[in-house]
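Heads up: the protein sequence lines correspond to chains L and A, in order.
Here this note's numbering is used: position 82 in the first sequence is 82, and no number is missing along the way.
For any residue, its number in this note's numbering is found by taking its place in the second sequence, counting from 1, and adding 1000.
If you're looking for bench data, these hints aren't it; they were derived computationally from the structure.
Mixed in with the good hints, there may be bad ones.
Derived DSBU-like pairs: lysine-lysine, alpha-carbon spacing no greater than 35 Å straight-line [stated by the list, open to error]:
#1 LYS88/L / LYS112/L
#2 LYS88/L / LYS1088/A
#3 LYS1014/A / LYS122/L
#4 LYS112/L / LYS14/L
Being a predicted model, the structure only gives us computed values, none of them experimental.
Protein chains: 2
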Amino acid sequence: MAQVTLTVCTTCRKTVDGTRVAEEPRPGLRLYEALRAADLPEGVRVIGNECLSACDNGCSLVLSGGPERWTYIYSHLDPDTHVDEILKGAAAYAATDDGIVPWRERPVIFRKQSLARIPPQKD
Amino acid sequence: MAQVTLTVCTTCRKTVDGTRVAEEPRPGLRLYEALRAADLPEGVRVIGNECLSACDNGCSLVLSGGPERWTYIYSHLDPDTHVDEILKGAAAYAATDDGIVPWRERPVIFRKQSLARIPPQKD
């Protein structure tokens, strides 16, 4: 089992100025496929999900790693330009016990495009 | 141990037209205190958290219930008018095994103010 998981919304549209842009295949699916095709860092897996209910802020994904780690939701991701940064951020996250990567070591998209974070669900 | 948890952001400001409004005590803290003071449904507990990184969409909270349930993040909550609906929604969520409450049985704020949802983290 991988230690941490990127759960990618495969139905996300891109949102520009608050409006969802029509585009097929959907950018969320393209982001998922690009991540699946990438050389994944050790301990990182990628799964798809048909809707993360973050429809106003696509593309979106969840970065999670069990009940001891914080969980993060990132938004406004671009399948064409953000794949490398997402994987770097996931690798840094996988290297922590609690999911908290020092601020300066986070990719810029993880610093600026957090939609929400959830504390460890230990109990 | 309670079955499900409302994790309330205690540092959330209210956001109007994309701007965070200055107000003390912060609406997030008032929401937390109002929920703590309420008659909680069976199986529901309330905890506070200093920041859920949902700062553009306050007030916010997380509704979670272990690795078998979907987790939800709700946004733009009002400490003065939404407490009853939040508790009704949390009770309905607690009554499910997987966290999925039929659409029509969800409070309107849970239907319309979802910021994101996260699939069960079973493995």
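Pair hint LYS88/L and LYS112/L, alpha-carbon separation not exceeding 35 Å: Since the Cα atoms of LYS88/L and LYS112/L sit roughly 15 Å apart, the hinted pair holds (cutoff 35 Å).
Is LYS88/L within 35 Å of LYS1088/A, Cα to Cα? Not OK: LYS88/L and LYS1088/A at ~41 Å, beyond 35 Å, violated.
Take a quick look at whether LYS1014/A and LYS122/L sit within 35 Å of each other, Cα to Cα. 29 Å, holds
Is the Cα-Cα distance between LYS112/L and LYS14/L 35 Å or less? 17 Å, holds
Hint 2 from the earlier list is the only one contradicted by this structure; the remaining hints agree with it.
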